[in-house]
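Protein chains: 2
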Amino acid sequence: MAEIKVKSRYRIKAILLVVVLSFTSISSASDEDEDLLKQAKKIFSPLPQVISSKKNPITPEKILLGKLLFYETRISIDGTVSCARCHPIGLYAADGLKKSIGNNCKLNPRNAPTLLNAAGQISAHWIGNRTDVEDQARQSVVGPPSFGMPSNEAVERRLKEINGYIEPFKRAFPEEADPITVENLAKAIGAFERTLVTPSRFDSFLKGDAAALTGQEKKGLNTYIGTGCIMCHSGPYAGGQTYQKFGIFEPYWNYTKSDPVDEGRFTVTKNEADKYAFKVPIHRNVAKTSPYFHDGSVDKLKDAVWIMGKIQLGKDLNKAQVEEIVTFLRSLTGEIPEDVLKVPILPSTD
Amino acid sequence: MAEIKVKSRYRIKAILLVVVLSFTSISSASDEDEDLLKQAKKIFSPLPQVISSKKNPITPEKILLGKLLFYETRISIDGTVSCARCHPIGLYAADGLKKSIGNNCKLNPRNAPTLLNAAGQISAHWIGNRTDVEDQARQSVVGPPSFGMPSNEAVERRLKEINGYIEPFKRAFPEEADPITVENLAKAIGAFERTLVTPSRFDSFLKGDAAALTGQEKKGLNTYIGTGCIMCHSGPYAGGQTYQKFGIFEPYWNYTKSDPVDEGRFTVTKNEADKYAFKVPIHRNVAKTSPYFHDGSVDKLKDAVWIMGKIQLGKDLNKAQVEEIVTFLRSLTGEIPEDVLKVPILPSTD
Numbered sequence: 002m003a004e005i006k007v008k009s010r011y012r013i014k015a016i017l018l019v020v021v022l023s024f025t026s027i028s029s030a031s032d033e034d035e036d037l038l039k040q041a042k043k044i045f046s047p048l049p050q051v052i053s054s055k056k057n058p059i060t061p062e063k064i065l066l067g068k069l070l071f072y073e074t075r076i077s078i079d080g081t082v083s084c085a086r087c088h089p090i091g092l093y094a095a096d097g098l099k100k101s102i103g104n105n106c107k108l109n110p111r112n113a114p115t116l117l118n119a120a121g122q123i124s125a126h127w128i129g130n131r132t133d134v135e136d137q138a139r140q141s142v143v144g145p146p147s148f149g150m151p152s153n154e155a156v157e158r159r160l161k162e163i164n165g166y167i168e169p170f171k172r173a174f175p176e177e178a179d180p181i182t183v184e185n186l187a188k189a190i191g192a193f194e195r196t197l198v199t200p201s202r203f204d205s206f207l208k209g210d211a212a213a214l215t216g217q218e219k220k221g222l223n224t225y226i227g228t229g230c231i232m233c234h235s236g237p238y239a240g241g242q243t244y245q246k247f248g249i250f251e252p253y254w255n256y257t258k259s260d261p262v263d264e265g266r267f268t269v270t271k272n273e274a275d276k277y278a279f280k281v282p283i284h285r286n287v288a289k290t291s292p293y294f295h296d297g298s299v300d301k302l303k304d305a306v307w308i309m310g311k312i313q314l315g316k317d318l319n320k321a322q323v324e325e326i327v328t329f330l331r332s333l334t335g336e337i338p339e340d341v342l343k344v345p346i347l348p349s350t351d
Numbered sequence: 002m003a004e005i006k007v008k009s010r011y012r013i014k015a016i017l018l019v020v021v022l023s024f025t026s027i028s029s030a031s032d033e034d035e036d037l038l039k040q041a042k043k044i045f046s047p048l049p050q051v052i053s054s055k056k057n058p059i060t061p062e063k064i065l066l067g068k069l070l071f072y073e074t075r076i077s078i079d080g081t082v083s084c085a086r087c088h089p090i091g092l093y094a095a096d097g098l099k100k101s102i103g104n105n106c107k108l109n110p111r112n113a114p115t116l117l118n119a120a121g122q123i124s125a126h127w128i129g130n131r132t133d134v135e136d137q138a139r140q141s142v143v144g145p146p147s148f149g150m151p152s153n154e155a156v157e158r159r160l161k162e163i164n165g166y167i168e169p170f171k172r173a174f175p176e177e178a179d180p181i182t183v184e185n186l187a188k189a190i191g192a193f194e195r196t197l198v199t200p201s202r203f204d205s206f207l208k209g210d211a212a213a214l215t216g217q218e219k220k221g222l223n224t225y226i227g228t229g230c231i232m233c234h235s236g237p238y239a240g241g242q243t244y245q246k247f248g249i250f251e252p253y254w255n256y257t258k259s260d261p262v263d264e265g266r267f268t269v270t271k272n273e274a275d276k277y278a279f280k281v282p283i284h285r286n287v288a289k290t291s292p293y294f295h296d297g298s299v300d301k302l303k304d305a306v307w308i309m310g311k312i313q314l315g316k317d318l319n320k321a322q323v324e325e326i327v328t329f330l331r332s333l334t335g336e337i338p339e340d341v342l343k344v345p346i347l348p349s350t351d
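First to last, the protein sequences are chains A and B. Counting from 2, one number per residue, gives the positions in the first sequence under this note's numbering. Counting from 2, one number per residue, gives the positions in the second sequence under this note's numbering.
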C-alpha cells in the first residue's frame, strides 16, 4: 500500500471503512440497507447541482456563451473540430474512440474522458497537465492535436469574424472593453461544463432513499466497497480526486496490451514516483463511456473491472464479483439535463 | 434563354409573372402590398409541415430512429463521421466549409448543402446522383469521402454490435424479422430529414399576412421577382426543382475563381447539354449557409447574388439591387423546430 499516494480526504475515510466493514455483523434486510447507506454516505456524496468555481463564477450569460463555443467548429484550423466533436453529449460527452482524432486527422495522445461531472476533479484529463476545465479549453484551442490553431490571436481573429459573437461575449463579460479573448472563451466553456452534472438513482440513495437502488445494485455496492474499489473511487464522482500508479501489482500493459506504453504523469513532473501514474477516472456514467483506460485499450466494462482488481488491488475477482460491481456501476449512469441536450443555434457572419 | 431547360411548373408561372409584373401599375401602398402578395403566391408557396414521401411514409418511430442514426459516428470507418458532422443543426445543417471533410480527412467533391427543407427537392446534393434524401443517406455510409465503410454488411455489423439499436429498429420496422439494414437506416434518416422544415416570416406573408415582411423585405422581394431570380428560385423552397447550367452568360469560374472546374451534372449523365449544370440550390436559410455555390468558392451572400445576376441573368446588378435582394433573402431564415434542436442520447453497447 505504501506506494499509493493519499491525496484526498475521501481516501482516508474509505480505508477506515473497509476495515470497519469487515467487522460489521449482518442482521435483518432493512438493517443491512441502513448499514450500507450509512457507510456509503461516508464514502460518497451526492452530486452538486452545478460545480462552482471561485476563479470562474458561473453566470447564465457565461453558460449561454460557453454552450455556443462548445459547438463551434469555425475556430479550429480545419473547421471540423469543436469541443463537441470529442465530447458529443449524445454519447455521454465522450466519443467512443480509443484516442480522439483532432484537426487534420491528428491522433490525440489519450482517450477523451467524459465531460459530464468533469469539472469537480483534481484536474482535467489524465496526467495533470490541465489544471481545470477552463485550462483544458484554453489549451485545446491552440493544442496541436485538437483545434490546432497557431495562437490565441488566431482564435480571437476567427471569433471576431463572426459578428454574432460580439453580443454574447459582451453580455458574458460586461465589464471588459474587448471581451473576445481566448481567456474568456475558456471561462465561458468552463462555466457551461460546470453545469454538466448528471444525478442518478445513486444520488437518491445517498440522500436517504434506500429503495432507490435495486437489491442487485446494493449487493454490487457492497462488493465495490468490500473489494477496495473505493480506496480510489470515492467522493461525489467516485474518483477524480487523486493520481495513482496504474499497475501497482503488475505492469498495466501486461493486461491492457497497450502499445505504446504511456508513462503518464511522469511526462509532466519528471518525478520517478509519478511513472505510470494517471488521474483516477470517475465512475459516474462509466457504463456509457467505453472504451476504457487512458488509451481506450479495453472495450468491455467487465474486463476493465477484472483488470483493475488484478493490478490495482492484487485480487483475482471472480465472475460473480465482477458482475456485481458492473451492476452497481450501471447505477451511476445519470440523467443529462434537458437544457444541455439542446443544441444552440450558432452565431453567423451574416 | 433557349439553353435553360424548363423542368418545373413553377418555372413557367414565374416567367409569365415577370412579364406581367413589368406592366403592373403601382397605386397605393396597401394595393402595392396586395399586388405583391398575389404575385408571390403564384411564384412561391408556404412550406409544408413535414415533407412526405409515398415511398417512405413517415412514422414517429422512424423519425426517432432516424434522429439517433443522424448523430451516429460509430458506423463510420474512423468513428468520426455522422450525418451531423457535415450537417450540424446549430449551423443550419451545413458545415461552413467550402467542401466537407469526411473520414480520414478525405475531401468531399462539393459543398455540403443544408439539410433543412432538403427533402422536397428534385434530388439530393448538387448533380443529381442521389435521387432523394433516403438515397443520399444510403450512398453516404459506403461512399469513400463520407463514412467510408467498405460495404452495407460492414455498416450493419457495426449497428448490430450496439445492443441499444435492436429495439428502435424493431419499433420503426415492426413487420421485418431482421430490420437492421442499411436500407432501413436510409429510410429512418430520410424520415427524420423530412421533418427538418423551417418556416419563416415569409411563410406568414404567403399565407396572407402582408405585414409579416418589413417594407425593406417587400422591396427586396419585388427586386427578386423583377430581376428574374424567380425564374429558377421559385416554389416552396425558392429553388431545388431544376438543374441549370451555372454560367449562362459567362463561364462561372471567371467569377468564382473555382479551381478545379467542376462539370456538374455532366459527370453523371455524360450528356453535353448537362455540362456545368447543377441543381438550383434552395434559398431557404441561404443567409445562414455561407459559403456559396457547389464548391463554396464565394463567402459573402452579396457577392454570390451579384455573380448570379451577372452570369445567369446577364445583368450587372447595382449595389442597391444586391442589397435589396439580400434583405429579402434574410427573411427566408426560418425557425428550426424545438424537437430537432434536441440531441438524442445514443444507444450503447452496454
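In short, the hints are calculated from the structure, not lab data. Fair warning: this is a prediction, and the values are worked out from it, not measured in the lab. Hints may be right or wrong, so weigh each one.
Identical copies look the same in the list; a pair holds intra-copy or inter-copy alike.
In the SDA-like style, the derived pairs of lysine to any residue whose C-alpha atoms are separated by at most 25 Å in a straight line are [claimed, not checked]: (1) 42 <-> 144; (2) 39 <-> 61; (3) 161 <-> 351; (4) 99 <-> 158; (5) 303 <-> 164; (6) 171 <-> 32; (7) 55 <-> 268; (8) 43 <-> 143; (9) 208 <-> 303; (10) 43 <-> 62; (11) 320 <-> 54; (12) 220 <-> 157; (13) 99 <-> 80; (14) 301 <-> 145.
Right, here's what the structure says about each hint:
1. 42 <-> 144: Neither. Shortest intra-copy (40 Å) and inter-copy (53 Å) distances fail the 25 Å Cα cut-off.
2. 39 <-> 61: Result: close neither inside a copy nor across copies, 36 Å intra and 46 Å inter.
3. 161 <-> 351: For residue 161 and residue 351, only the intra-copy Cα distance (13 Å) is at most 25 Å; the inter-copy one is 43 Å.
4. 99 <-> 158: Cα proximity of residue 99 and residue 158: across copies only (19 Å, versus 33 Å in one copy).
5. 303 <-> 164: between (49 Å within a copy, 16 Å between copies)
6. 171 <-> 32: neither (56 Å within a copy, 44 Å between copies)
7. 55 <-> 268: Neither, since 29 Å and 60 Å both go past 25 Å.
8. 43 <-> 143: neither (41 Å within a copy, 53 Å between copies)
9. 208 <-> 303: Close neither inside one copy (28 Å) nor across copies (59 Å); limit 25 Å.
10. 43 <-> 62: Neither, since 36 Å and 45 Å both go past 25 Å.
11. 320 <-> 54: Neither, since 42 Å and 51 Å both go past 25 Å.
12. 220 <-> 157: Classified as neither; 53 Å inside a copy, 37 Å across copies.
13. 99 <-> 80: Answer is both: 22 Å inside a copy and 10 Å across each meet the 25 Å cutoff.
14. 301 <-> 145: Answer is neither; intra-copy 30 Å and inter-copy 30 Å both fail.
Of the numbered hints listed earlier, those contradicted by the structure are 1, 2, 6, 7, 8, 9, 10, 11, 12, 14.
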